[in-house]
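*Asks:* Take a look at the letters that make up each chain.
Number of protein chains: 2
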Amino acid sequence: MTIQKATNITWHDGAITKSDRERLIQQKGVVIWFTGLSSSGKSTIARAVEERLFERGHQSYVLDGDNIRHGLNKNLGFSPEDREENIRRIGEVAKLFADAGFVTMTAFISPYRKDRDRNRELLKKGEFIEVFVKVSLDVAEERDPKGLYKKARAGEIKEFTGISAPYEEPLNPELILDTDKLDLTQCQDAVIRYLVENGIISANEKG
Amino acid sequence: MTIQKATNITWHDGAITKSDRERLIQQKGVVIWFTGLSSSGKSTIARAVEERLFERGHQSYVLDGDNIRHGLNKNLGFSPEDREENIRRIGEVAKLFADAGFVTMTAFISPYRKDRDRNRELLKKGEFIEVFVKVSLDVAEERDPKGLYKKARAGEIKEFTGISAPYEEPLNPELILDTDKLDLTQCQDAVIRYLVENGIISANEKG
Numbered sequence: 194m195t196i197q198k199a200t201n202i203t204w205h206d207g208a209i210t211k212s213d214r215e216r217l218i219q220q221k222g223v224v225i226w227f228t229g230l231s232s233s234g235k236s237t238i239a240r241a242v243e244e245r246l247f248e249r250g251h252q253s254y255v256l257d258g259d260n261i262r263h264g265l266n267k268n269l270g271f272s273p274e275d276r277e278e279n280i281r282r283i284g285e286v287a288k289l290f291a292d293a294g295f296v297t298m299t300a301f302i303s304p305y306r307k308d309r310d311r312n313r314e315l316l317k318k319g320e321f322i323e324v325f326v327k328v329s330l331d332v333a334e335e336r337d338p339k340g341l342y343k344k345a346r347a348g349e350i351k352e353f354t355g356i357s358a359p360y361e362e363p364l365n366p367e368l369i370l371d372t373d374k375l376d377l378t379q380c381q382d383a384v385i386r387y388l389v390e391n392g393i394i395s396a397n398e399k400g
Numbered sequence: 194m195t196i197q198k199a200t201n202i203t204w205h206d207g208a209i210t211k212s213d214r215e216r217l218i219q220q221k222g223v224v225i226w227f228t229g230l231s232s233s234g235k236s237t238i239a240r241a242v243e244e245r246l247f248e249r250g251h252q253s254y255v256l257d258g259d260n261i262r263h264g265l266n267k268n269l270g271f272s273p274e275d276r277e278e279n280i281r282r283i284g285e286v287a288k289l290f291a292d293a294g295f296v297t298m299t300a301f302i303s304p305y306r307k308d309r310d311r312n313r314e315l316l317k318k319g320e321f322i323e324v325f326v327k328v329s330l331d332v333a334e335e336r337d338p339k340g341l342y343k344k345a346r347a348g349e350i351k352e353f354t355g356i357s358a359p360y361e362e363p364l365n366p367e368l369i370l371d372t373d374k375l376d377l378t379q380c381q382d383a384v385i386r387y388l389v390e391n392g393i394i395s396a397n398e399k400g
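In the order they appear, the protein sequences are chains V and W. Each residue of the first sequence is one higher than the one before, counting from 194 in the numbering used here. Each residue of the second sequence is one higher than the one before, counting from 194 in the numbering used here.
A couple of the hints might just be wrong.
In this list, chains with the same sequence are indistinguishable; a pair is considered to hold if it fits within one copy or across any two.
[Stated by the list, open to error] Listed next, the in silico EDC-like pairs over lysine to aspartate or glutamate satisfying Cα-Cα at most 16 Å (straight line):
1. LYS307 with ASP376
2. LYS221 with ASP292
3. LYS267 with GLU277
4. LYS339 with ASP310
5. LYS374 with GLU314
6. LYS267 with GLU278
7. LYS344 with ASP373
8. LYS344 with ASP382
9. LYS344 with GLU274
10. LYS317 with GLU274
11. LYS343 with ASP275
12. LYS221 with GLU398
13. LYS267 with ASP337
14. LYS343 with ASP259
15. LYS211 with GLU390
16. LYS221 with ASP331
17. LYS211 with ASP337
18. LYS211 with GLU244
19. LYS221 with ASP376
20. LYS318 with GLU367
21. LYS267 with ASP257
22. LYS211 with GLU367
Since the hints were made in silico from the structure, they are not lab data.
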């Protein structure tokens, strides 16, 4: 899908590097890639982690369907090509945010392994943290805050992930959050613990 | 060109707001949109301002042709439609960075008023700072570090801004930097002064 058209262009390294920025704000720039079914809790968890990071004096930013679909990707629909391009652009933007030193969180169903793996490859080892937000279809359909599963079952939404389109579970995610069993605080804790244990943020509050 | 295809999606405000983030890092999130001919000095000035901001403890990020064309926009060429989409995507990404609290700088020729004005409208009043990096064609052709003007004159590059494609000067830019007359330090000074005078950064170093 992605054809390299631009030519005669060289990567501009810039005077200030990622590690300069990381030193300034005392954290590592990474991408936490949340993936899972609709209603699994991806956005909710990402926003909750953002809040926790903020309290600790850390900088993070959440990219999710709601803010991306209204802006950068508003000219994309839900065809297979558009879905792929959607995830590709998000991966590239997340990479820029990680380069800027942010704990970047993306919350998209992103059902295909291939698309997620391609985005992983944009980053260095350790900078892409895939978090599988696991939920049983039963529980997801029960939550269904926007009534999307209901519409999908009624055939009003075509190619709905988990109902009429596949979801490919991550094979080796950095973290699995089973939201059938864990509550929001436990999910927050697990992500924060991962970030501390991997040296992305410090164990204690800043300042 | 840009068709709104996404439906049933609501803007997700998020727990942590732009002003929360601005308070945390003690600066305002804005977009400094540098525009001007090839070889006018846009990227060089942006990188130099980035360095100065870093020394003062501020966070900034530069989006320019080199890093964007290799990533987010690598599937775009130089047709009129692709050029428009190029500038549109950059505007949307810059908006996200400004929302994250960054002094975001974009360094693209961006020859059309319509495209720049559309990106201005994405942001609140005062958050979009258009900087016209002015240069006479003579001086630009003399600099020509990548030999692009030479190729354009030889007809090897078609639709080259300033030679065979129009450049529409900003009508009311927030700042004009005439690089025929100002050296790099003077350009840096002018941008930093603007940021201080408009309360985007503080007058003194942080920390």
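*Asks:* None of the hints should be skipped; say for each whether it holds.
*Replies:* Hint check results:
no. : hint               : verdict
1   : LYS307 with ASP376 : neither (30 Å within a copy, 48 Å between copies)
2   : LYS221 with ASP292 : within (9 Å within a copy, 20 Å between copies)
3   : LYS267 with GLU277 : both (14 Å within a copy, 15 Å between copies)
4   : LYS339 with ASP310 : neither (29 Å within a copy, 35 Å between copies)
5   : LYS374 with GLU314 : neither (31 Å within a copy, 45 Å between copies)
6   : LYS267 with GLU278 : both (12 Å within a copy, 12 Å between copies)
7   : LYS344 with ASP373 : neither (22 Å within a copy, 62 Å between copies)
8   : LYS344 with ASP382 : neither (34 Å within a copy, 57 Å between copies)
9   : LYS344 with GLU274 : neither (23 Å within a copy, 36 Å between copies)
10  : LYS317 with GLU274 : neither (26 Å within a copy, 33 Å between copies)
11  : LYS343 with ASP275 : neither (24 Å within a copy, 39 Å between copies)
12  : LYS221 with GLU398 : within (15 Å within a copy, 23 Å between copies)
13  : LYS267 with ASP337 : neither (24 Å within a copy, 37 Å between copies)
14  : LYS343 with ASP259 : neither (20 Å within a copy, 46 Å between copies)
15  : LYS211 with GLU390 : neither (21 Å within a copy, 28 Å between copies)
16  : LYS221 with ASP331 : neither (37 Å within a copy, 45 Å between copies)
17  : LYS211 with ASP337 : neither (40 Å within a copy, 29 Å between copies)
18  : LYS211 with GLU244 : between (24 Å within a copy, 13 Å between copies)
19  : LYS221 with ASP376 : neither (27 Å within a copy, 35 Å between copies)
20  : LYS318 with GLU367 : within (12 Å within a copy, 42 Å between copies)
21  : LYS267 with ASP257 : within (13 Å within a copy, 22 Å between copies)
22  : LYS211 with GLU367 : neither (23 Å within a copy, 29 Å between copies)
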